[in-house]
Amino acid sequence: RKEVEQDPGPFNVPEGATVAFNCTYSNSASQSFFWYRQDCRKEPKLLMSVYSSGNEDGRFTAQLNRASQYISLLIRDSKLSDSATYLCVVNPVFSGGYNKLIFGAGTRLAVHP
Amino acid sequence: DVKVTQSSRYLVKRTGEKVFLECVQDMDHENMFWYRQDPGLGLRLIYFSYDVKMKEKGDIPEGYSVSREKKERFSLILKSASTNQTSMYLCASSATAGSSPHEQYFGPGTRLTVT
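In order, the protein sequences belong to chains C and Z. Quick note on numbering: the first sequence equals residues 16 to 128 in my numbering. Quick note on numbering: the second sequence equals residues 24 to 138 in my numbering.
Worth double-checking, as some hints may not be accurate.
[Said to hold, decoys possible] Listed next, with one range per pair, are the computed distances between beta-carbon atoms:
id, chain 1, residue 1, chain 2, residue 2, range
1, C, Gln46, Z, Asp82, 15 to 21 angstroms
2, Z, Glu40, C, Ser43, 39 to 45 angstroms
3, C, Asp92, Z, Ser103, 48 to 54 angstroms
4, Z, Arg32, C, Glu18, 39 to 45 angstroms
5, Z, Lys102, C, Asp54, 30 to 36 angstroms
6, Z, Asp51, C, Pro29, 42 to 48 angstroms
7, Z, Ser105, C, Gly73, 41 to 47 angstroms
8, C, Cys55, Z, Thr28, 16 to 22 angstroms
Please keep in mind that the hints were generated in silico from the structure rather than gathered at the bench. Quantities reported herein were computed from a predicted structural model and do not represent experimental measurements. Just so you know, even glycine gets a beta-carbon here, dropped at the ideal spot from N, CA and C.
For reference, chain C alone in the conformation it holds in the complex (with noise of 0.2 angstroms):
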């Protein structure tokens, strides 16, 4: 089983739609959590980080559910902008200074007018 899972998708949705993705984690111990942007042919990106009692930046909201081990991210009125993949990414325990990440697949998102 993966450490980290994401549907690879894609989710073609129009503009304007609102689109959510799901990631789940197989370690329990996990401690942090954060989503990761990666357009084509470019580097990942940090999207927003993943707190206990979820967090919103803009369009973005993000949400942690530790007992079902699994974090999601919505994006509300989508742009044409926001196609990419999305990663999701889990630190599974505090690794001392070097704070080792595990990614997942990621899922991509095509926005179409």
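Starting from the known structure of chain C, fit chain Z onto it as the hints suggest.
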């Protein structure tokens, strides 16, 4: 602005050749990482380093070695390239402390093809 640079964007090598991939970061980060990214598998950690001359194996170190002689520079070495090492290689760096210790900053990647 954090900048992570990698020595090449595209590289084509023959089976058995030695390959050096170099990564440089300009933010004085303690931690540096090498990943490979393959379709359907995501990013897999090859090696990481949390200090000069320190290195730790990641999840898939076989066939690779690394070198960190200076804080800003982390090199990945393929001693004898094989076709199954054809992949996108991504370097990243992160700070140990500060407001975002988990945030890893990535270089643009090197697409290596081994023929």
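Hint check results:
1. C:Gln46 to Z:Asp82: 15 to 21 angstroms: holds (18 angstroms)
2. Z:Glu40 to C:Ser43: 39 to 45 angstroms: Roughly 44 angstroms apart at Cβ, these two residues keep to the hinted range, so it holds.
3. C:Asp92 to Z:Ser103: 48 to 54 angstroms: At 52 angstroms between Cβs, range holds.
4. Z:Arg32 to C:Glu18: 39 to 45 angstroms: violated (30 angstroms)
5. Z:Lys102 to C:Asp54: 30 to 36 angstroms: holds (33 angstroms)
6. Z:Asp51 to C:Pro29: 42 to 48 angstroms: Holds: the Cβ-Cβ distance is about 45 angstroms, inside 42 to 48 angstroms.
7. Z:Ser105 to C:Gly73: 41 to 47 angstroms: holds (45 angstroms)
8. C:Cys55 to Z:Thr28: 16 to 22 angstroms: The hinted range 16 to 22 angstroms holds for Cys55 (chain C) and Thr28 (chain Z), with Cβ atoms some 20 angstroms apart.
Figure legend: structure checked against the earlier numbered hints; the only hint not met is number 4.
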